[in-house]
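Engineer: Listed below are the residues making up each chain.
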Amino acid sequence: MATREMSRRDILRIGALSALALTTMKLNRAEAKTVQGRMDSLVMGGKDVSPVTKKERKAIPTACWSCVTRCAAMGYVEDGRLMKVESNPNSIRTEGVMCSKGQSAPNEVYFPDRLLYPLKRVGPRGGGKWRRISWDEATDELAKRLKKLRDEGRPEKFFFHYGRMKGSSSKLIKSVFLKKVYGVGSYGNHTSICEGGKWTGQELTWGKHYDNWDMDNTRFVLNFGSNIFETHTNHIPVAHRLIRAMKERGVELVTFDVRLSNTAAKSTEWIPIRPGTDGAVALAMCHVIMKEGLYDREFFKFIKATKNHKASVDEKISSLKKHLSRFTPEWAEKESGVAASKIAALARKFAKTKPACVISYRGAVAHYNGAENERTIQMLAAITGNVDNPGGRCRGVGAKWKYPKPKYHVKARKLKIVDGPKKGPLHAKLPTHHVSQLVLRMIKDGSQGRPEIYLWYCYNPAYVNGENREYAEILKDEKLIPFTVTSNIVYDESSRLADMILPDATYLERWDWEDMVSPAQIPEYYIRQALVKPLGQSRDFADVVCEIANKMGLPMGFNSKEEFVRLSCEHTPKIKDLPGGGFEYMKTHGVWHDPKEKPHYYGYRKEVKEKDLKKKGVIFDEETGVYWNWKKSKAKSEEEAKKKGYRHTKKAYKGYVGQKIGDKVYKGFKPDKINKSGYFELYSDILEEKGFSPMPTYYPIPEHRRKAPDQLVLTTYKVAMHIHSRSTHRKWLAELFHDNPAWINPETASRLGIGDGDRIKVRSEVDEIVTKARVTDNIVPGIIAISYHVGRQESGRYASGRKSPFGRDDDIDLKFKWWNEYGVHPNWVIPNWVDPVSGQQRWMDTVVTVTKA
Amino acid sequence: MTEEKKGLTRKEFLKLAAVGAGVAAGSGLVAATEGLSAKGPVKWVMVIDLDRCIGCKACHVACKAEFDVRLGVFRSSVIDYEYGRYPDARRDFLPWLCNHCDNPPCVKVCPVEPVEAEFKGIKFTKKATYKRPDGPVLVDQQRCIGCGLCIMNCPYKVRFFDPAKKAGGNPAANPASKCDLCVHRLDAGLVPSCVNTCQGRARIVGNLNDLNSEVSKLMRGARVLLPEKGTKPQVYYIGEGAARINDALRKGIDIRIEANSEYQLKVWKNGPYAG
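Chains as they are written, first to last, in our numbering: chain A, 1 to 853; chain B, 1 to 275.
Any given hint might turn out to be false.
Pairs of lysine-lysine residues, derived as DSBU-like cross-links and limited to a Cα-Cα distance of at most 35 Å, are as follows [stated by the list, open to error]:
1. B:K166 x A:K718
2. A:K803 x B:K269
3. A:K54 x B:K165
4. A:K54 x B:K157
5. B:K251 x A:K761
6. A:K533 x B:K166
7. B:K165 x A:K533
8. A:K654 x A:K402
9. B:K120 x A:K47
10. A:K54 x B:K251
11. B:K166 x A:K815
12. B:K266 x A:K718
13. A:K58 x B:K251
14. A:K772 x B:K269
Honestly, the hints are just simulated from the structure, not real lab data.
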């Protein structure tokens, strides 16, 4: 369109101006506020009408939970039944739009195979026979078993493993109940099978993780392996801003991916790349930028690029230039398959377009070299000054809720099975987000002890990790784990291996406060409220936890999550003072942000106040230039703290105050989880000590180096209409996507004698699967791509064709379901391997042999 | 979008419209002056900006939810159209729904006897399938006899038998169904369900008879599906991919084709009009 051409020219002009005066740039969304707009005479949203009765439906503000993005939403209810969920038009995050997953919400409540009653197994574990029990029986038994462990002084033998728990659910269950009240400090999460390596890469460079991509203000987006238009941890809030930026301001998006995802398809340019080589390309870009003097000299003040933290800017620049000298575009071309000329041109464009945003996700990080790739991508942002600036890669900003904390003084005990083994090929040296894919392996191993009760929540360990066959066997083995419990809404591959099933409420039937990162860089406070009563006998697991705590004689000061949310609204600054009271206001509006608040940028540039340096316990560390409060660390005395120093005192980062640079002390890049300095660290003493390169480098994937010419690399991916492993029971989504033939390039297929639609055998060193081939030009030669949402053995009739225990037949659509192909799950053949730095699961690295079946 | 909204005066628009009319013939480009008047009744149309569509299918699912549409059939969907050889492989997305034609073949073939009807003071004749004076082509399932003529004659394949309902004019058959542009929402002053959810704001609904409406301003260069059929569709496509929409319609892949056809096949084989 003409406007697109126009705006591109405009942008070039504006770009030149703003490069000189970036700080004065006007933010087009600094005063982000309501977007409840109109389209001509029509209202965009916030209400709904029945197509049958034409009556307006009851509108209740709430929040989605389909994925971790947790968009503020509106639920529409008619005669006590949830009819529809839309976005909350007043949310500054979503600005009133929603994805397909969010729109399928009614399916989540009413799917016919939903678990609605507490169940106890009859016969052997995994035998599939169940009897209904009462809630009293269920909570009595759990409370009794838990109390026994606690009374015997070994609460850590209760192992809780969650797949997703955020906002108030996380605080109530984990921070309050498990840690403070019950006294267990070890629990499993799932971050390492998601993007843990990305977070470790960030913690090593700029401290606390989460990068928000400021699409509203950027002028160029460079994408390493993010499928932002189909899926992302902050999907809708960022994706809709990106497409708007592209259309209205002519922003270009360049995507590196092994596969033509919808994001690649929608990009200005898709650049196919060999798997696991993103870091090589990013390094070569940094090489060009440094060599050609295109770097942002000013930002180097905040960079650590040498061992000596007092190095001058010139010294840092020359150190980095020297380090990068061998990573030429020609070298990167050999690794990645991306033309050297393309790498150099993109490097120049990225460095010269101000501001520009480099984005990354699992395509870059779910590898052997994942954390290092993220570190390299962080470096690309840093040397061009695109860090925490309008239009760049910003530090995430979210709501800060206060919540009730009962007074218990227990020292939490831990079972050391969450970080993988301490030696051998599966040892990760810096697993800041744990190694969840190895928890079951650690249980089998037994050297660090085993849990007596294993309870998983919003998690499907036998399906979501690699090596599914082995993991199901471990879970099934009553000798390894005497008692297994799950709280779930769906009877999935792991629920069937539980001894007791607690039917969970869906997110549409429960309460929460939420705090996900705001792409507007202004925190948004929002809540989730129950839209309808929990179906059947299902109950929010957090409410069950409250009851169990009471039954153990450990009251927490609240008896339900709704009460916890109310108390949080009454205690959180600003929220508590809202008109009508915080809880009432949030129930009516669902969302709130401070209209006076300015977007958060450049936090690192703030100077630390003199008085904060003089607080009791604050000392200066010569080695790093860090001011820190030793009292917040594990040091027992000031003397010990000074002797060990900031870097070698346990949990010293918790006392971080500021970074001395020259004669000033800045807030800098505050560390999290590791004792990093306040610099943006390109030189990492921590990595150096662990035996890795202190400066960002490239670690080729060893198995790819060794693979035979005919072998392929297996990569997995997500699609726009599913949520990880959590949505195949939703009929409207399953109807759109229920089969997952393996993508394979025509050249590769012909070499292997495989035709479109052929049955193929995919064999790795751990297992094999048989699936179908889809021969397509949408993929790099030499790899095979299989989406991982489907290939269910359970999860009900829409997902697997199998009816779940006590499944109902009252859904009319069971009669109209027209598919009977359910796909093949790729995780069976993917080993549970780790990035040796972060422990990140190496989803995209598996070498496979593919033959016609 | 917003710039255009502010920038174009009515005079400029008329000029553009005239230019558009000149180049319209044969290319699928639309003569934007057709049916245009400064005043007059509301005429709802939809403009789809393909630059803004990211193929997420939220519209598809939002429509399913809005009408609790049965499995196997769809009112609105998105076609994926793939073309080009590696490494220049490409994928387009084509949002697909009833075109609410000004010259609708479905209405023409409907054998149900027309009756006089009125909408907001405007008189019109109404078969079981009819065009409401404000634009939407609708189905009166109470009068529908489930003969399937409209389904067979829609060149866009957007109609289907509503599997769980009975045709009022022939309870042995299923009635025809399709996108109705969410008239219940339009009548309540609300955008259609697909427009509400669309994250790229690719779907834009508005009054084409209002020269200042967003849809009127987006008409320049707009194209329609299968213009050679003479159906005068009132769903317009703009953006870089608009030139390829007819290829996408003919060659693109969509679940709807599979699902609808499975169900329709069953109906044609076993239904009241089998054989």
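Engineer: Please go over all the hints and tell whether each is borne out by the structure.
Structural biologist: Results of checking the hints against the structure:
1. B:K166 x A:K718: violated, 39 Å
2. A:K803 x B:K269: holds, 29 Å
3. A:K54 x B:K165: Distance of about 19 Å is within 35 Å: holds.
4. A:K54 x B:K157: holds, 28 Å
5. B:K251 x A:K761: This hinted pair holds, its Cα atoms lying about 30 Å apart.
6. A:K533 x B:K166: holds, 32 Å
7. B:K165 x A:K533: Holds - the C-alpha atoms of K533 of chain A and K165 of chain B are around 29 Å apart, at most 35 Å.
8. A:K654 x A:K402: With a Cα-Cα distance of about 19 Å, the restraint between K654 of chain A and K402 of chain A holds, given a limit of 35 Å.
9. B:K120 x A:K47: holds, 24 Å
10. A:K54 x B:K251: violated, 38 Å
11. B:K166 x A:K815: Holds. K166 of chain B to K815 of chain A sits at ~16 Å (cutoff 35 Å).
12. B:K266 x A:K718: holds, 33 Å
13. A:K58 x B:K251: violated, 42 Å
14. A:K772 x B:K269: At roughly 30 Å apart (the allowed maximum being 35 Å), K269 of chain B and K772 of chain A satisfy the hint.
Going down the numbered hints, you'll see the structure goes against 1, 10, 13, while the others check out.
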